[in-house]
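> So the sequence lines, in the order shown, correspond to chains A and B.
Using this note's numbering, you'd call the opening residue of the first sequence number 1 and step up by one each time.
Using this note's numbering, you'd call the opening residue of the second sequence number 1 and step up by one each time.
Calculated from the structure, these hints are not laboratory results.
Errors might be hidden in some of the hints.
[Claimed, not checked] Have a look at the derived ranges for each label pair, beta carbon to beta carbon:
1. A:F283 with B:W88: 39 to 47 angstroms
2. A:P244 with B:R118: 45 to 53 angstroms
3. B:M82 with A:F283: 20 to 28 angstroms
Idealized CB from N, CA, C, for every residue including glycine.
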Amino acid sequence: MTAITDRATPLDEPTPSTATARAVSRKDRMTPGRWLLWTLLLLGGLVMMFPVYWVLVTAVSPGGLSQDNGFSLWPRQFDLGIFSRAVRDQPIWRWLANSVVIAVVSVLISVFISVLGGYAFSKYRFRGRNLLFALMLITIMVPIQVIMVPAFVIISKLGLVNTPWAVILPSAAQAVSIFMARQYMQAIPDELIEAGRVDGAGELAIFVRVILPACGPLVAVLTILTFVWRWNDFVWPLVALQSPENYTISVGLASLNGAYSHPWDQIMAITLMSMVPVLVVFFVFQKQFVQGIASTGIK
Amino acid sequence: MPSAETWAPATGTTVAGPAPSRGRSTNRVPAAAPWLFVTPSLLLFGVFAFAPIVVSVVLSFQDVQTFGGGEFVGVENYSDAMSKPLFWESVRNTVVFTLGTVPTSTLLGLLLAILLNRRLPGRGVIRSLYFLPMVVSGVAVSLIFAWMFNTDSGIVNATLSELGLPRVDWLTSPGWAMTTVILAVVWGRIGFCMVVYLAALQNINPSVLEAAQVDGAGRWGAFAGIVWPLLAPTTYMLVVLNIVFSLQAFDVIYVLTGGGPGFSTTVLVQYIFRSAFTDGKMGYASALGVMLVVVLLLLTALRNRLAKNLDEDS
Numbered sequence: 001m002t003a004i005t006d007r008a009t010p011l012d013e014p015t016p017s018t019a020t021a022r023a024v025s026r027k028d029r030m031t032p033g034r035w036l037l038w039t040l041l042l043l044g045g046l047v048m049m050f051p052v053y054w055v056l057v058t059a060v061s062p063g064g065l066s067q068d069n070g071f072s073l074w075p076r077q078f079d080l081g082i083f084s085r086a087v088r089d090q091p092i093w094r095w096l097a098n099s100v101v102i103a104v105v106s107v108l109i110s111v112f113i114s115v116l117g118g119y120a121f122s123k124y125r126f127r128g129r130n131l132l133f134a135l136m137l138i139t140i141m142v143p144i145q146v147i148m149v150p151a152f153v154i155i156s157k158l159g160l161v162n163t164p165w166a167v168i169l170p171s172a173a174q175a176v177s178i179f180m181a182r183q184y185m186q187a188i189p190d191e192l193i194e195a196g197r198v199d200g201a202g203e204l205a206i207f208v209r210v211i212l213p214a215c216g217p218l219v220a221v222l223t224i225l226t227f228v229w230r231w232n233d234f235v236w237p238l239v240a241l242q243s244p245e246n247y248t249i250s251v252g253l254a255s256l257n258g259a260y261s262h263p264w265d266q267i268m269a270i271t272l273m274s275m276v277p278v279l280v281v282f283f284v285f286q287k288q289f290v291q292g293i294a295s296t297g298i299k
Numbered sequence: 001m002p003s004a005e006t007w008a009p010a011t012g013t014t015v016a017g018p019a020p021s022r023g024r025s026t027n028r029v030p031a032a033a034p035w036l037f038v039t040p041s042l043l044l045f046g047v048f049a050f051a052p053i054v055v056s057v058v059l060s061f062q063d064v065q066t067f068g069g070g071e072f073v074g075v076e077n078y079s080d081a082m083s084k085p086l087f088w089e090s091v092r093n094t095v096v097f098t099l100g101t102v103p104t105s106t107l108l109g110l111l112l113a114i115l116l117n118r119r120l121p122g123r124g125v126i127r128s129l130y131f132l133p134m135v136v137s138g139v140a141v142s143l144i145f146a147w148m149f150n151t152d153s154g155i156v157n158a159t160l161s162e163l164g165l166p167r168v169d170w171l172t173s174p175g176w177a178m179t180t181v182i183l184a185v186v187w188g189r190i191g192f193c194m195v196v197y198l199a200a201l202q203n204i205n206p207s208v209l210e211a212a213q214v215d216g217a218g219r220w221g222a223f224a225g226i227v228w229p230l231l232a233p234t235t236y237m238l239v240v241l242n243i244v245f246s247l248q249a250f251d252v253i254y255v256l257t258g259g260g261p262g263f264s265t266t267v268l269v270q271y272i273f274r275s276a277f278t279d280g281k282m283g284y285a286s287a288l289g290v291m292l293v294v295v296l297l298l299l300t301a302l303r304n305r306l307a308k309n310l311d312e313d314s
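Go ahead and model the full structure; you've got the sequences and the hints to work with.
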């Protein structure tokens, strides 16, 4: 977890001060062999990107660039009207709005309680601490399909079925997030907390004034990961949300699959729209995202 | 494992932050304080995780049809599963799917991490190309692959035709559907493995590698003798995590093939979902789930054991 403290980031390029060292370093010189390797890596990367490129191409090609009329790897016609037809025929904006509400509220609750929980697990000793922590970690091993039936009964007893809360509350407590918060806070010196106690500050005041200000990078990583996880969630929202107007974008998108009345150009246009928020997160916060993934290694 | 003194960047779950400071005095700390901080999480875990898990275990010993009450039937659900060909087929599919996804994504991730750990022009951009699929949702992945691998109008078959090769029923023939599902999942997972390996590689002191070169170890020798053993804990962790992911993989299969054609891509979680929500056999589905969780917990225990042995050896 040190990677998300304010130290130099491990996946970074070195700082400019090493530029001269880089220039003279013999092993970094680009030999023909290294250019070949570089070309292969680039080609592989382009192959990896192809599906995303293909969504883009299909979403602007009337008729979905069906390959029946000859082979083409780029759009032969350009038609942004596919998007307007897609949003006219399906409640896409509604689904996107539902997803935004669910993801944002989930982030707020989940990050808040994970930071609180991580603090308790890292800085306090209390009876049952290790057992509780182990029980939480076990929940990572339990596939959602296994607890779906009782969980559904619980949300229906609470009267939440078909509301955003039915999706938000059950996934708010994430063992992975609490684990990350605990790891992070173990690096915060106890002396800071002790100093607060000596000054006569209460436990809550110490948390708010001493701990929270040091948690910026942690909160950033948890926010980004939680947002992407909740935005991409599928199976629980599928069960918990029952009427189409309450669907999230993932559930709505999946509901179009196999319905033959939907042309592929429109399906890809909606797929692209569903990907925009996570793509933005990826491009803007790639560093935090990648570090978060690397430092948990869990999800 | 790196010691706490050498600053260690993230290498997955195995590395904690800098030396956890210990020995804090507990005087003047109200006993209720930690509970104040864990209660919100605990409450949510209790209601939406612990309770459903306990209920699932209880249900697995009952005959429950749809949401009605059930009666205890002992281990009947479990013995039922053992005698059902469909259960064994889903187990077989799960094993094939796991074997198809875990080694491929782990090894490709390792290869890419090693190659992209060197300084190359535009390295950051090339890495991004491999990372990006990580953020694409399972549903989007499925639809993209359903379109690309469409038998009649997909780009993959069009390319095959262009090359003079026969078209393939990627999603509609039982033989190929599993391959397509595996491809889709591996596509999304390579980036994850690469990220974890890259972080682990940053952890290896460059002077160790330089020493190896000075000693005259070739590139392969340096890898096999030094890098591979140093990456062993990461590899163990990644393999176990990947197995866990594969055993839990649902979205892509559900949307891409729906478990079909026939039963050919129905893995265990798919079968559980189907038993509970299509067939309405809650007790039976719970028994399947309990068995799966037991396997997952055994895997985790095995990993912890291996990690411990590795620590003691070093």
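> For each hint, tell me whether it holds in the structure or not.
Here is how each hint holds up against the structure:
For F283 of chain A and W88 of chain B, the hinted distance range of 39 to 47 angstroms is satisfied, since their beta carbons lie about 45 angstroms from each other. For P244 of chain A and R118 of chain B, the hinted distance range of 45 to 53 angstroms is satisfied, since their beta carbons lie about 50 angstroms from each other. Checked against the given bound of 20 to 28 angstroms, the beta carbons of M82 of chain B and F283 of chain A, roughly 50 angstroms apart, lie outside it.
Violated hint: 3 only; the structure is consistent with all others.
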